[in-house]
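Peer 1: On the provided structure of chain A, position chain B as indicated by the hints.
Letter by letter, the chains look like this.
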Amino acid sequence: MDIKRLIMVAVGGQGNLLASKVLGEAALICKVPVRMSEIHGMAQRGGVVESAIVFGDASSPIISDGEADLLLGFEPSETLRALNRCNKETTVITNLAPLPPFTVSIGRGVYPEMDTIQALIKERTGSLIAFDAMELAIKAGSPMSTNIVLVGALIQTGILPLTRESVEQAIKTRTKPAFVDMNLAAFNLGFEAAAGAA
Amino acid sequence: MHKLLQNAPDQEIMLLGNESLARGAVEAGLAFATTYPGTPSSELSLNLFQISQETDLYFEYSTNEKVALEVAAAAANSGLRTMCIMKHVGLNVAADPLMTLAYVGVKGGLVILTADDPSMFSSQNEQDNRYYGKFAGLPVLEPSSVAEAKDMAKAAFELSETLQEPVILRTTTRINHSSAFVTLGDIKERNTKGEFIKDPMSFVTVPAVSRKLHVKLLENLDKAQAISNRSEHNILTGTGRFGVICNGVSFLYAEDAVKDLGIEDKVKILRIGFSNPMPDQMIEAFLKDCDKVLVIEEGEPFMEEAVRSIAQDAGISVSIKGKGDNLFSRLYEFDPAMVKRVMASYFEIEYQAKEPVDTSNLPEIPQRPPNLCSGCSHRATFYEVKEAAKALDMDTICPSDIGCYTLGFLPPLSTGDFVLCMGASVSSSCGFAKATDKKVISFIGDSTFFHSGMTGLANAVFNNHNFTLVILDNGITAMTGHQPNPGVDMSLFNLEGYNRISIENVVKALGVEHVTVVKPFKVKKSVEAIKEALAFEGVSVIISKEPCALHAKGLKLLKPRAFTVTDRCKNHRDCINEIACPSFFLEDDKVRIDATTCVGCALCAQICPENAIVPLKK
Numbered sequence: 043m044d045i046k047r048l049i050m051v052a053v054g055g056q057g058n059l060l061a062s063k064v065l066g067e068a069a070l071i072c073k074v075p076v077r078m079s080e081i082h083g084m085a086q087r088g089g090v091v092e093s094a095i096v097f098g099d100a101s102s103p104i105i106s107d108g109e110a111d112l113l114l115g116f117e118p119s120e121t122l123r124a125l126n127r128c129n130k131e132t133t134v135i136t137n138l139a140p141l142p143p144f145t146v147s148i149g150r151g152v153y154p155e156m157d158t159i160q161a162l163i164k165e166r167t168g169s170l171i172a173f174d175a176m177e178l179a180i181k182a183g184s185p186m187s188t189n190i191v192l193v194g195a196l197i198q199t200g201i202l203p204l205t206r207e208s209v210e211q212a213i214k215t216r217t218k219p220a221f222v223d224m225n226l227a228a229f230n231l232g233f234e235a236a237a238g239a240a
Numbered sequence: 289m290h291k292l293l294q295n296a297p298d299q300e301i302m303l304l305g306n307e308s309l310a311r312g313a314v315e316a317g318l319a320f321a322t323t324y325p326g327t328p329s330s331e332l333s334l335n336l337f338q339i340s341q342e343t344d345l346y347f348e349y350s351t352n353e354k355v356a357l358e359v360a361a362a363a364a365n366s367g368l369r370t371m372c373i374m375k376h377v378g379l380n381v382a383a384d385p386l387m388t389l390a391y392v393g394v395k396g397g398l399v400i401l402t403a404d405d406p407s408m409f410s411s412q413n414e415q416d417n418r419y420y421g422k423f424a425g426l427p428v429l430e431p432s433s434v435a436e437a438k439d440m441a442k443a444a445f446e447l448s449e450t451l452q453e454p455v456i457l458r459t460t461t462r463i464n465h466s467s468a469f470v471t472l473g474d475i476k477e478r479n480t481k482g483e484f485i486k487d488p489m490s491f492v493t494v495p496a497v498s499r500k501l502h503v504k505l506l507e508n509l510d511k512a513q514a515i516s517n518r519s520e521h522n523i524l525t526g527t528g529r530f531g532v533i534c535n536g537v538s539f540l541y542a543e544d545a546v547k548d549l550g551i552e553d554k555v556k557i558l559r560i561g562f563s564n565p566m567p568d569q570m571i572e573a574f575l576k577d578c579d580k581v582l583v584i585e586e587g588e589p590f591m592e593e594a595v596r597s598i599a600q601d602a603g604i605s606v607s608i609k610g611k612g613d614n615l616f617s618r619l620y621e622f623d624p625a626m627v628k629r630v631m632a633s634y635f636e637i638e639y640q641a642k643e644p645v646d647t648s649n650l651p652e653i654p655q656r657p658p659n660l661c662s663g664c665s666h667r668a669t670f671y672e673v674k675e676a677a678k679a680l681d682m683d684t685i686c687p688s689d690i691g692c693y694t695l696g697f698l699p700p701l702s703t704g705d706f707v708l709c710m711g712a713s714v715s716s717s718c719g720f721a722k723a724t725d726k727k728v729i730s731f732i733g734d735s736t737f738f739h740s741g742m743t744g745l746a747n748a749v750f751n752n753h754n755f756t757l758v759i760l761d762n763g764i765t766a767m768t769g770h771q772p773n774p775g776v777d778m779s780l781f782n783l784e785g786y787n788r789i790s791i792e793n794v795v796k797a798l799g800v801e802h803v804t805v806v807k808p809f810k811v812k813k814s815v816e817a818i819k820e821a822l823a824f825e826g827v828s829v830i831i832s833k834e835p836c837a838l839h840a841k842g843l844k845l846l847k848p849r850a851f852t853v854t855d856r857c858k859n860h861r862d863c864i865n866e867i868a869c870p871s872f873f874l875e876d877d878k879v880r881i882d883a884t885t886c887v888g889c890a891l892c893a894q895i896c897p898e899n900a901i902v903p904l905k906k
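Listed in order, the protein sequences are those of chains A and B. Just so we're aligned: the first sequence equals residues 43 to 240 in the numbering used here. Just so we're aligned: the second sequence equals residues 289 to 906 in the numbering used here.
Here chain A stands alone, though its shape is the one from the complex (with noise of 0.2 Å):
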C-alpha cells in the first residue's frame, strides 16, 4: 500500500486533536494501517500543537523534514512556518483565518501579508488550497468546527486513502452526539471549498 504522510499544524485549542481521531477512525473504518505522533505538552498554553500522520505500510510514527506528502495547516502563519516538512510536490492546504500570536498582537512582531504567506507557499510546493475555513465553520453552526472543515478539504483533494464515508462515519462515532450534524455539515462545505479551489 501507497505510503502517504500528513502534518498537520494549529494552535492550541483549535482541534487538531480531534482532526486526527476521525482520520485515525476513517483508517481503521478502510483497513488502512496508521500512525500518529503528537507534540502536546503546554500547547493549551497558546503553543503550537503538531500531528503526523503516517497512512500506510511505514512502521515510523513520525515524518522528517521534506517527506510531508500533505501539509493541513489551520492558521496561515503556522503553516508557512511548517514548510520545512514539505518538499516540492507536497499539496498544502491552509486556513486563511489568522490567530496572530501573542508576540503580534502587542506589537512586538510583524503578521506576514496574506497574500505573501499564499504566494510563498505556491512557489515552493506541488500545490496549493487556501480558503478562509473558520467561515466555512460559523456557517455549518460554529467556529469550533474549524477543524473537521479542513477535515472536509484534505479528503478532497484525494490524497489519503480515506473514503469520504469512512471519515462521515468517524465523525459520527467521534464527535460528540450534539455535534455531529454540525460536523458533518462542516466537512461538507471544507470538501465542497476544496473542489472549488481546485
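Careful, some of the hints might be misleading.
Pairs of lysine to aspartate or glutamate, DMTMM-like flavour, derived with a Cα cap of 25 Å [claimed, not checked]:
#1 A:K46 x B:D623
#2 B:K642 x A:D99
#3 B:K847 x B:D882
#4 B:K642 x A:E131
#5 B:K878 x B:E898
#6 A:K130 x A:E177
#7 B:K422 x B:E520
#8 B:K813 x B:E643
#9 B:K291 x A:E177
#10 B:K642 x A:D107
#11 A:K73 x A:D44
#12 A:K46 x B:E643
#13 A:K130 x B:D298
#14 A:K73 x B:D646
#15 A:K130 x B:E643
#16 A:K130 x B:D646
#17 B:K547 x A:D157
#18 A:K214 x B:E300
#19 A:K73 x B:E300
#20 B:K500 x B:E520
#21 B:K547 x A:D99
#22 B:K554 x A:D99
#23 B:K547 x A:D174
#24 A:K63 x B:D623
#25 B:K556 x B:D613
#26 B:K476 x B:E588
#27 B:K611 x A:D107
#28 B:K580 x B:E593
#29 A:K63 x B:D487
#30 B:K395 x B:D384
#31 A:K130 x B:D548
#32 B:K878 x A:E131
#33 B:K833 x B:D877
Please keep in mind that the hints were generated in silico from the structure rather than gathered at the bench.
Peer 2: Chain B alone, transformed into the frame defined by chain A:
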C-alpha cells in the same frame, strides 16, 4: 465503562501509547499503582486513576516519585501486581529506594515505568534512563511501538515475578505520545488482597543482610541475562551481511529505511527490546555473521558500548559504529530521514533524500511561545512581587521551580533566574542568600512544594537563612493536566475518602515566623503584604492563593466576565508592557481585550493608570 476495561479480546482500537501501556497493565491483572505525574507519562497515570474509580484497582497520586516507589515496593512485597509510573527525572528522585529495592526484590510483579524525553519537549534534561537498569542491576524492557507497549507492559509483570525483581519499562515520548491500532487481549483477574510474610533476613537491609542480598542480586542478573538471550523481545529480522542493532522507536525508522533504500537483502536487524542485561550470546552470534555493524539508539551509546565489549570479549573485529561524526548524535530524538541518511552513508548505498523546500528567504514568522493563560493568577503574583521589590529598591535573585510558573522567566514578567529540578527553588535560595548580598525571592507551586519543597524549607529555617519564598498555590497540579496533590480539595473531583493539607499550617509548623496569605487579584493589598515579607529578616513565606483559571473554568467554578478598554485609555500600555496577558491585542494602535478569552481577573484594570479598563456590559 472505561474504554480500557472492555473485555473484547481481538478487537482493534486506536490507542495512545500511554493508553496502550495502561491496557497492558490491566490485562496483566494490575492491582496497585502509584505515580507522580510528569510528561510524557501523565496520561498513563490518568487512565489508571479513572479505572481505579470503576474497579478495585488501587491507584494513588503520591507526593513524589520516591514516595510512589516506596508505597509500590510494599504492595509488591505483599504479593500484588504493582506499577509505579514517572517521567525520567522522577527516577532520580526515586533512585534511593530503587537501588536497595533491587537487593530486596519483590514477590508480586513490580513494573517501574520511566518515560524518557529525548529532545526535551517538556523536560529539563534528556537523560537516558537505561543506565538506571545497569546501575541498579535490574532488567530493562523497551517497546518500539504503541502496540508493542501493551504486550511488553503485560510481559514485564511476568518477567518481574520470574526474577522476583522489579522491572524497568522504559519508553520515550514517541511511544507515550503516538497513537496506533492495538489489538486487545484477555484481562487477567486482579488479585487485590495482599499478604506480607515476615522474613527479616530478606527484608531488613542491615549490612549483614544486604551482603547476602547483593549476592542474590548478581545471581538474578545472571538469570536475567539467560532470559535476555532467548527473549522474544530481542528480535532478529532480515538477511544480509550488514548488521543493524537498534532499540525503541529507532527500530521503526530502521525498518522504513531498509525498505526505502531497497536493501532488504543486504541488511539484518537485531532489535533489542530486553536491553539490560544485553543478550550477549545473541549479539556475539549476530556480529559473527556481519561485515559491518551500525548501532542505532537515541541518547547515550548504551548498547554500542556493550556491543563493542561483547565483540572484544569474543575476539570479533568487525567494524561497529553508532555515535560520532557523520553518524548518530547523542543529542535529541532521531527521525526517519536521519536514520536513512546515516544508514545509506555507512553501508555505502546510493540515496537521494527528498529535499525540503528552501525556507532560507521566508519573511520572519512571529514566534508563538507558550504563555501563562488569560486570567492566570501567577501573572498577578509575579507582577506584585516585582512592584514590591521595586518599591523597596531591592536588587533580587529569583530562583524558580518546575511548573507552569517557570514561564514567568519570559519577558515582560522576567522573573526566574535559576531553575534546576523539583524543589530546588527553596534549597537554592539558601545558597544564593548566603553566597551573595542580593535579596533572594523564590517561587514554587503547591504540588512542587509538597513534592520536595518542604525539606528545603526546614533546612532554611534550621540554618536561619534569609529569603522570601512565594508559594503559588493554585490548588492543583496544573502543568501536567490538573492532577490532585495533598493541598487539593478532592470534592472538586467528586471523590471522597481523602484528606486535605493546609500549606499555611505546614509552613508555620516548619517554624517560618513570617507567613502571609494573599489573594493575588487584590493587587494593592498583595503588594503591601509582599513588601512586608521582603523586608523581614530571615525566612518569610507568601502563599498566593487563587484557583488555576483553566481548571476552574473547566469545572465551571469560574464564570468568565470579560473586561474592555474604554475611551479613557491614553495608551500608556502598562497593561501590555508589564503583564502581557494573551487576551490583549492591538487594533488601530489601541489596546483591545479579546472578550472570548478574557476571564475577568481584573489585574489589568487595577494597574491601568487611567482606570480605563472596566467590565464589559452585556
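Peer 1: Determine for every hint whether it applies to the structure shown.
Peer 2: Hints and how they fare:
Only pairs whose Cα atoms come within 25 Å are accepted, and A:K46 paired with B:D623 is accepted, the gap being roughly 16 Å. Proximity of B:K642 to A:D99 is assessed by CA-CA distance (about 19 Å); at most 25 Å being required, the pair is judged to hold. For the proposed pair B:K847 and B:D882, the alpha carbon gap of about 16 Å is at most 25 Å, so the pair holds. Straight-line distance between C-alpha atoms of B:K642 and A:E131 comes to about 10 Å, which keeps the hinted pair within the 25 Å bound.
For the hint linking B:K878 to B:E898, the alpha-carbon distance of about 14 Å falls within 25 Å, and the restraint holds. Taking the CA atoms of A:K130 and A:E177, the gap is about 29 Å. The hint is violated against a cut of 25 Å. As the CA atoms of B:K422 and B:E520 are separated by approximately 21 Å, the hinted pair is consistent with the 25 Å bound. With a C-alpha separation of about 59 Å, the suggested pairing of B:K813 with B:E643 is violated against the 25 Å cut-off.
Taking the CA atoms of B:K291 and A:E177, the gap is near 35 Å; set against the 25 Å cutoff, the hint is violated. With a C-alpha separation of about 8 Å, the suggested pairing of B:K642 with A:D107 holds against the 25 Å cut-off. A distance of roughly 13 Å separates the Cα atoms of A:K73 and A:D44; the hinted pair therefore holds under the 25 Å criterion. Taking the CA atoms of A:K46 and B:E643, the gap is near 17 Å; set against the 25 Å cutoff, the hint holds.
About 42 Å separates the Cα atoms of A:K130 and B:D298, which puts this hinted pair outside 25 Å; it is violated. A distance of roughly 36 Å separates the Cα atoms of A:K73 and B:D646; the hinted pair therefore is violated under the 25 Å criterion. A hinted pair counts as satisfied when its Cα atoms are at most 25 Å apart, and A:K130 with B:E643 qualifies at roughly 8 Å. About 9 Å separates the Cα atoms of A:K130 and B:D646, which keeps this hinted pair within 25 Å; it holds.
With a CA separation close to 40 Å, the supplied pair B:K547 and A:D157 exceeds the 25 Å bound. Distance restraint check for A:K214 and B:E300: the Cα-Cα separation of roughly 19 Å lies within the 25 Å cut-off, and the hinted pair is therefore satisfied. Straight-line distance between C-alpha atoms of A:K73 and B:E300 comes to about 11 Å, which keeps the hinted pair within the 25 Å bound. Between B:K500 and B:E520 the alpha-carbon distance is near 31 Å, which puts this suggested pair outside the 25 Å criterion.
Distance restraint check for B:K547 and A:D99: the Cα-Cα separation of roughly 10 Å lies within the 25 Å cut-off, and the hinted pair is therefore satisfied. Between the alpha carbons of B:K554 and A:D99 the distance comes to roughly 20 Å, so the proposed pair stays at or under 25 Å and holds. This hinted pair does not check out: B:K547 and A:D174 have alpha carbons roughly 40 Å apart, beyond 25 Å. Under the criterion of a C-alpha separation no larger than 25 Å, the hint pairing A:K63 with B:D623 is consistent with the structure, at around 23 Å.
A C-alpha spacing of about 23 Å is found between B:K556 and B:D613, which places the hinted pair at or below 25 Å, so the restraint holds. The straight-line distance between the Cα atoms of B:K476 and B:E588 is roughly 37 Å, outside the 25 Å bound, and the hint therefore fails. Our distance criterion of 25 Å between C-alpha atoms is met by B:K611 and A:D107, whose separation comes to about 22 Å. The suggested pairing of B:K580 with B:E593 holds, with an alpha-carbon distance near 16 Å, which does not exceed 25 Å.
Distance hint between A:K63 and B:D487 is unfulfilled; the C-alpha atoms sit about 51 Å from each other, more than 25 Å. As the CA atoms of B:K395 and B:D384 are separated by approximately 20 Å, the hinted pair is consistent with the 25 Å bound. Annotation: proposed proximity of A:K130 to B:D548 holds, straight-line Cα distance about 19 Å (limit 25 Å). For the given pair, B:K878 sits about 43 Å from A:E131 by alpha-carbon distance, which is inconsistent with the 25 Å threshold.
Using a Cα cut-off of 25 Å, the hinted pair B:K833 and B:D877 is violated, with the two alpha carbons roughly 35 Å apart.
Consistency with the previously given hints fails for numbers 6, 8, 9, 13, 14, 17, 20, 23, 26, 29, 32, 33, ordered from lowest to highest.
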